[in-house]
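Undergrad: Start from the sequences, fold in the hints, and give me the full structure.
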Amino acid sequence: MNFSTDFEKYIARLADSNLIMGQRLSELCSKGPYLEEDIAISNIALDYLGQANMLYELLKKAGNGKYSVDDYVFHRNERNYYNLLLVEQDNGHFGKTMAKIFLYSTYQKILYSQLSKSTNDDIKAIALKSIKEVNYHFKHSRAWVLRLGDGTKESKVKIQESIDELWRFTGEIFESDYVENNLISENIITASNTYYDEWSKIVKDTLLEALLTEPENVVMLTGGKKGLHTEKLGFMLAEMQYLPRTYPNAKW
Amino acid sequence: MVTKEAIWNLLSEIPDPEIPAISIVELGVVRKVDIVDNKYLVSITPTYSGCPALNRMEDDIKKELSKHDIDFEIKTQLYPPWTTDWMSQETKDKLENFGISPPTKIVKCPQCKSSDVELISFFASTACKSMYKCNSCLEPFDHFKCI
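The listed protein sequences correspond, in order, to chains A and B. If you use my numbering, the first sequence corresponds to residues 5 to 256, in order. If you use my numbering, the second sequence corresponds to residues 305 to 451, in order.
Hints are computed from structural coordinates only; laboratory data are not their basis. Every residue, glycine too, gets a C-beta built ideally from N, C-alpha and C. Hints should not be assumed to be uniformly reliable.
[Unchecked claim] Listed next, the stretches of chain A that the computed footprint assigns to chain B, with coverage defined by at least 3 CB atoms under 8 Å from CB atoms of chain B:
#1 53-63
#2 131-140
[As the list claims (entries may be wrong)] Simulated crosslink set (SDA-like; lysine to any residue; CA at most 20 Å straight-line):
#3 B:Lys-449 with A:Asp-42
#4 B:Lys-398 with B:Asp-338
#5 A:Lys-136 with B:Asp-389
#6 A:Lys-121 with B:Lys-398
#7 A:Lys-136 with B:Ser-425
#8 A:Lys-136 with B:Cys-355
#9 B:Lys-379 with A:Ser-72
#10 A:Lys-113 with B:Pro-321
[Claimed, not checked] Computed far set for chain B versus chain A, every beta-carbon distance over 12 Å:
#11 Met-305
#12 Glu-317
#13 Ile-326
#14 Val-329
#15 Lys-366
#16 Pro-385
#17 Asn-401
#18 Lys-417
#19 Ile-424
#20 Lys-433
#21 Ser-434
#22 Met-435
#23 Lys-449
TA: The following block contains the structure:
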């Protein structure tokens with residue numbers, strides 16, 4: 005399955021990142037450190053899956069209904085997934101999960117506030133809907149980064165290690181390429197590389213407040229937007245896609 | 305053909321599957337009832353994008369309207385995004401009587417009405433609620449988030 009238009013390619017990137025983020029987090033359902041946090045993580049996962057669903061519905065509409073939402077999710081291979089590398093990384097320990105949500109939701113807040121001004125009514129509607137949810141993901145994960153950074157000796161080491169480990173996947177978020185060009189000139193989207201300054205400021209301020217250090221001189225990894233992934237994604241898709249591929253007509 | 309008003313009345317009888325104290329109309333999920341090509345078009349909007357109750361609400365609407373031999377279609381609309389501002393004071397009172405603190409800026413305990421409360425988590429039993437504890441009567445309670 006190949007996407008023929010820039011619009012579809014761009015929407016697929018957003019949809020895939022949300023889907024993979026949601027699927028990853030849902031692995032923690034019933035494994036949270038305590039009940040309230042378990043519920044919080046499951047709720048956040050659900051929001052990401054809901055946002056992914058709206059975006060796949062838009063993709064379906066753009067593709068004139070040739071493929072269903074399930075086709076997009078269950079019948080594409082790793083090389084045809086266009087999510088960010090950041091979101092496919094494993095959950096690790098609780099601190100790493102929160103660091104990941106924090107880095108991603110900070111970007112999403114900026115992204116959706118830009119897309120809420122889109123000339124495309126569908127994108128605008130999805131952005132306005134999603135931003136309300138993302139604000140809670142951001143508040144929640146930011147509070148944990150502060151608490152763990154300014155917490156015990158062990159929590160500080162662990163959250164710092166998580167930020168250091170995930171940092172190399174953040175550069176890619178702000179890469180703009182040919183897929184974005186026409187959409188930008190039609191005011192459908194704004195360029196990913198214009199989000200960096202605001203993202204950087206929020207993240208910097210939070211790390212400072214959390215008594216953590218911003219990683220320096222990190223070589224950034226890239227490829228997700230082109231379908232080139234880390235080794236983590238394949239395993240995840242294999243598990244997620246196994247059932248509908250093995251039993252194509254399975255019903256709940 | 306029954307009147308639009310009759311459709312609204314039928315829809316007002318359908319309770320929210322997770323908060324049966326209020327109806328799906330009071331919750332603000334049903335946005336519009338239009339007549340298109342001699343058919344009723346019912347527009348609904350999700351509270352949260354991943355809310356699992358939306359499918360159930362759709363099924364409940366189908367069940368209710370089919371009972372009355374009404375020709376209809378259900379459409380999901382995303383814009384304008386659902387907001388708790390659409391809830392009337394009467395609906396908020398119903399929520400409070402049901403034990404859920406309604407979506408208001410000042411959070412009060414639905415049991416003892418104290419405003420000496422403490423946030424436990426931004427997320428609770430459903431996506432639309434957060435979790436609080438009352439410092440006066442020590443009861444935990446759900447608060448409908450203002451969005």
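Undergrad: Taking the hints in turn, state whether each one holds.
TA: Hint-by-hint comparison with the structure:
1. 53-63: holds (count 5)
2. 131-140: holds (count 6)
3. B:Lys-449 with A:Asp-42: Given that 20 Å is the threshold and the Cα spacing comes to 19 Å, the pair holds.
4. B:Lys-398 with B:Asp-338: violated (28 Å)
5. A:Lys-136 with B:Asp-389: holds (14 Å)
6. A:Lys-121 with B:Lys-398: violated (36 Å)
7. A:Lys-136 with B:Ser-425: Since the Cα atoms of Lys-136 of chain A and Ser-425 of chain B sit roughly 17 Å apart, the hinted pair holds (cutoff 20 Å).
8. A:Lys-136 with B:Cys-355: Distance ~14 Å between Lys-136 of chain A and Cys-355 of chain B Cα, so the pair holds.
9. B:Lys-379 with A:Ser-72: holds (17 Å)
10. A:Lys-113 with B:Pro-321: violated (31 Å)
11. Met-305: Given that every Cβ of chain A is farther than 12 Å from that of Met-305 of chain B, nearest at about 30 Å, it holds.
12. Glu-317: Holds, because the least Cβ-Cβ distance between Glu-317 of chain B and chain A comes to about 27 Å, which exceeds 12 Å.
13. Ile-326: Holds, because the least Cβ-Cβ distance between Ile-326 of chain B and chain A comes to about 20 Å, which exceeds 12 Å.
14. Val-329: holds (20 Å)
15. Lys-366: Given a closest Cβ separation of 17 Å, the condition holds.
16. Pro-385: Not fine: 4 Å to the nearest Cβ puts Pro-385 of chain B too close to chain A.
17. Asn-401: Non-interface label on Asn-401 of chain B holds, nearest chain A Cβ at 24 Å vs cutoff 12 Å.
18. Lys-417: Nearest chain A Cβ is 24 Å from Lys-417 of chain B, so the label holds.
19. Ile-424: violated (6 Å)
20. Lys-433: violated (9 Å)
21. Ser-434: violated (8 Å)
22. Met-435: violated (6 Å)
23. Lys-449: violated (8 Å)
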